Amino acid sequence: MIKVILTRITSLFLVLAAISVLVFLIFFATPGVDPAARIAGRNADQQTLIQVRHSFGLDKPIPLRYLSMMNHLFIQRDLTSYVNRGTKVIPELLSTIPATLSLVVGASIIWLLMSVVLGIKAASSKRKWIDPLISVLGIVGVSIPVYWLGEVVNLITQSKLHDSIFHWLPPLGYVGITSDPVQWFLHLIFPWITLSILYTGIYIRVLRSEILTAMTEDFVKTERAKGAGEKRILYRHAFRMSLLSIVSLFGLDFGALVGGSALLTEVVFNIHGIGKLTFDSLQNFDLPVIMATVIYASFFVVLANAIVDIVYAWLDPRVRYE
Amino acid sequence: MIGLKKHTQVAFSQSPGRVSWEILNKDKRTRISFAILLLIIALAILAPIYSSFIAHTNPFVSSLDASFNMNGKTVQVLQPSTQGLGLGVTPIGPTWKFNHYFLGADSQGRDIVARILYGGRNTLFIGFVSSLLTMFFAILIGVIAGYYRGFIDNFLSRILDLIWAFPVYLLAISLSVVLLTSGLNFGFIHFGAGSLALPIFIIGMVYIPYVARPLRAQVLSIRERDFVKAAIGYGAGNSNIIFTEILPNVLPSALVFFPIMVALNMLTESALSFLSIGVQPPSASWGTIINDGLALLYTRPLVAILPGLMIVITAAALNLYGDAVRDALDPKLNTRIIK
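Sequences listed follow chains A and B, in order. The first sequence lines up with residues 711 to 1032 when you count with the numbering used here. The second sequence lines up with residues 11 to 349 when you count with the numbering used here.
A few of these clues could be false.
As the list claims (entries may be wrong) - No more than 20 Å apart at the CA atoms, straight line, and that leaves these computed lysine to any residue pairs for SDA-like:
hint, chain 1, residue 1, chain 2, residue 2
1, B, K239, B, I154
2, B, K239, B, E255
3, B, K38, A, R942
4, A, K870, B, A305
5, A, K870, B, P311
6, B, K38, A, I840
7, A, K831, A, R942
To be verified - Listed below are several chain B residues computed to face chain A (Cβ distance under 7 Å; list not exhaustive):
hint, residue
8, L172
9, A305
10, L306
11, T309
12, I321
13, V322
Note that these hints are calculated values from the structure, not bench results. All of these numbers come straight from a predicted model, not from anything done at the bench. Yeah, the Cβ is synthetic: ideal placement off N, Cα and C, and Gly gets one too.
With the rest of the complex left out, here is chain B (with noise of 0.2 Å):
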């Protein structure tokens, strides 16, 4: 609230959309968490690079009685059990040498670092793409219902209602559930379990209703203004209205939302990937990692910390830059938060 005054008195000949952007720019939230999330990203990227050229291992095999060599004697990567009974096998702890087994090993004796970075890839992408879904479909239905009114207005709305209603992890455990087991077909193109589409649609949809509801009554106002009255009285056909006047107004509200839509879509996909009906293996997100960790919490809890951990960091980056956009686009906090 304070940095607004500031930036506003300097910037009043320019369009809003300038004037935000440069309070964006300015604000320290800002560069703070495109830092860290600039950060994550290269790490994600860099995957392939540190598991072939720095560790030399390929995080998707399991290798559980693979042994490596250091300081001249022959380590092995799962090591017998000295807790317990003595039976079975804990994997060998941090090392803190790069090329072997940095922070360590998990149960199938595959290196966690380089899971960590592989299954960043999958979290930040699925968060990223199903954000896109969640955006495209809710404004286009926040747009034509709350712009055609009447029946259109009134059918998609119970839509929206009906999801609403119906809590959202159990909707997305469902929908999981059964995916799972049919694959999700589109006319000729099937994606089977295996694949990031399923986690991605269903997490894309879940969400609609919680941003298409503002959308739509932020178009309803809009609507009522004296511009579109202008257009519809100069002759500007339906389409027309929408992508000129109606669109650029309601676009800001949907930048507000996208930040901490990836955050949370992120924290869906972690929650299902360890209930074990998101991300299927051989491939990896946090979520799944976390899952696998628990089996060694108690005696290697690195391998559970670890993901989280990038979980709750990347998640707060993202808030943090939601909140920035938000005091920049949103002067009046007409976007609620939610959840």
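Only chain A is shown next, with the shape it has when bound in the complex (with noise of 0.2 Å):
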């Protein structure tokens, strides 16, 4: 088990030196992309771009940039934005997180109870029209484009309505739970039932066949054998076992969404968390803040990956003893 773990840490840290390199090239080598001209504005003279070129470092060899740039964000910790300068990356990188992690715990919340409910009623119930329903459902959720989503929640909410039946709703944005629970609550309820919506739908169309799928092994058959009742059979075995890939699934999913993938529900509710400040920097070729948000968010999503092949590990005694 620590060989397991070690192997996967040192492929962490190789995975994130590659992405960072990746970013870099992206941003630096293409042919055609000039950052200075970029930071410069759109009609510079060609003396300042020198200028610009010169006192970003932009006129060094591109190695050389990469090192510096990973000294300042990893061993220094004083990397500054390239668009509004003094503002130090870090620190701004940081304050969004909160913001980012209120959005995705209480959406995978509400998704997970949701899915699990109706998953499995889905899968078990006797009715002839619940599965179909619930199926269309599920396949309803996976295809709305979440942003319109967003907007049309907006609309309803916050135009006519907004002086009837949704009085109490505070306008976009987010207010941070430690200054105020209840406007934060407010703030984030219907960002949560949007940013749910889709993952749900997910999650009940994987749930459901993982289910339908544990209902035919060895093991349902001699359990029924045994005599074991329906509803046992269900949540003590199907489900349990369906659970391995929901697992999973919900480890990928929430580090993609911890490490800024919520971007577009961020920018359609206005709350400033992690997607939204990728979103802005990568639209003012802030390379700095978009080296920091992207390593931050890859991280996420390789972390998750190695926690869920542990658990894994740790939840089937089939994959530990391979």
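Make the complex out of the two chains shown on their own, each in a separate frame, by following the hints.
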């Protein structure tokens, strides 16, 4: 087990290093892309461009620039933004984490509860119309563009109905849980619902098909032969079995969302989280911020991958003994 | 699952491919999703006919001072705003007349229906072609890595791991931002920022690992099967084994991925376009129209709502078809649903 964890950690650092190189190359070595021109503005003259190149260190060779950026990011920890000079990247990044975490944790609680209830219902219901109905709900859930759903939600809750039914709803934005828990909750309730609908759709579909597959396994037949009731088989065996794939799926989704994949939801609801920070910095070519956020995001994805593998081995003895 | 049992009983003497085909054809979901998709494709193909012969507008030219004659009265397309301070203009709402702005105009005075029909062309085209690209490279990488194993497999798998660790949307957005400045170059061919090749390339690339990894795993196991050993035994060459033994056995799984990929790629395209780093004006896609409609969300909500509904309907039909294909080709549900 310790060996597994150690190799995992080594590969985690290798992947992160490779990703930082990849991002650096995408933004600095793509022919035709000149970060200096972006910083200097649209119609900057040659003189200004040379000045900008020099003051941002963009006239140095690419490997040196990369090493200097990594040095400032990880060792000196004083990397500053290209666009707002003087803004330190790391505190800026850290300040967005609570908003993203609040959004993702709340949404994942909703989608896990919803999909477990509906997924089990779809796989086990005796009534004929329930399974197709829930399956259609799942399909619609995975087919809705999340940013569009967010806009429709805004249209309903922030427009004409805001004077009557939704008068209790604050305007778009985010309030920290420590400053005002009630406002925190009210600001996030609709972003939570919006974000969770897509994932509810995915999880219902996975859970349903996993339970149905588990029901055909030999251990279920053995249980039946032993005379166990259908309820016991469903919850103690089939559902438990299907939790394996839910665990791995959830680990990956949660990692990606915390890393910034919730950016569309954050943009639509004006929540200043990690995704919105990344998006803003991408549009300004603010490379130091991009570098920090992408490494941060990849760190969560790779970490989630590693945790999932370890949890999987712990949950499923068959994987452990292979 | 229930449908499966019924059909396999009557079709025992037929080839597995034939059996799957019949199951698929008898599936109600196939018919429903096909009807919806055909209708949407037909609408997109008929876009020029609608705009030239019915609505008589050009959906790519803004007409801020246009007016037309309705019920004997001259109506401005962009009307003075009645809300707030009364400054600015609001585009006309639905007239419910096919020849004059049936569902109204956008902020540039362009007919919404014509925009949505033309936008559908781009959205569908990008979704389809980028999925072909994804499938092609995923099959190529999956088969080569799984068949040759060893160093080649290690090398390719590490690259896949790398892209896998890069959150999809962040990768797609990074590539879009950069390529919109530099354009895309393949040798002598250059695609500028306005070309549809850019979003197709970007979206086609980012999902390769999601398909290539399961296919590789499958090739690894097919390679150990007796019929491959037999082929090696009678002296078949590598390319012969790949094309006659391996490929036909991974194609069903690849086919299961295809409709889901088209839906996924369409959604990604629309998201990029919504963030205005996908399809570039004057071209339109459902995503760009939603973006255009944001400014009018509270006065003319239809501009943003309709293209979104089109996306939901199309993606849902594709996912429904994907489910039917999966149940027909992959009864043991080997191919996990991907995101």
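Item to check | Interface hint for V322(B), Cβ within 7 Å of any Cβ on chain A | outcome: Hint on V322(B): holds, closest Cβ of chain A at ~5 Å, below 7 Å.
Next on the checklist: So if I understand the rule, the pair passes when the alpha-carbon distance is 20 Å or less; does K831(A) with R942(A) pass?
Outcome noted: This hinted pair holds, its Cα atoms lying about 15 Å apart.
Item to check | Interface restraint verdict for L306(B) against chain A (beta-carbon cut-off 7 Å) | outcome: Violated: closest Cβ of chain A sits about 11 Å from L306(B), beyond 7 Å.
Checklist entry - Is the hinted pair K38(B) and R942(A) satisfied, with a Cα-Cα distance of at most 20 Å? => result Violated - the C-alpha atoms of R942(A) and K38(B) are around 33 Å apart, more than 20 Å.
Checklist entry - Does the alpha-carbon distance linking K870(A) and P311(B) stay inside the 20 Å limit? => result 12 Å, holds
Checklist entry - Hint check: is the beta carbon of T309(B) less than 7 Å from a beta carbon of chain A? => result Not OK, violated: T309(B) not within 7 Å of chain A, min 10 Å.
Checklist entry - Is K870(A) within 20 Å of A305(B), Cα to Cα? => result 16 Å, holds
Item to check | Restraint satisfaction for I321(B) [CB to CB of chain A, less than 7 Å] | outcome: 5 Å, holds
Next on the checklist: Let's test the interface hint: is any C-beta of chain A closer than 7 Å to that of L172(B)?
Outcome noted: At about 5 Å, which falls below the 7 Å cut-off, the nearest Cβ of chain A leaves the hint on L172(B) intact, so it holds.
Checklist entry - Do the numbers back the hint for A305(B), that is, is its least Cβ distance to chain A under 7 Å? => result 11 Å, violated
Checklist entry - Can the restraint linking K239(B) and I154(B) be considered satisfied, given a maximum Cα separation of 20 Å? => result Distance of about 17 Å is within 20 Å: holds.
Checklist entry - K38(B) and I840(A): Cα distance at most 20 Å? => result 17 Å, holds
Comparing the model with each numbered hint stated earlier shows that hints 3, 9, 10 and 11 do not hold.
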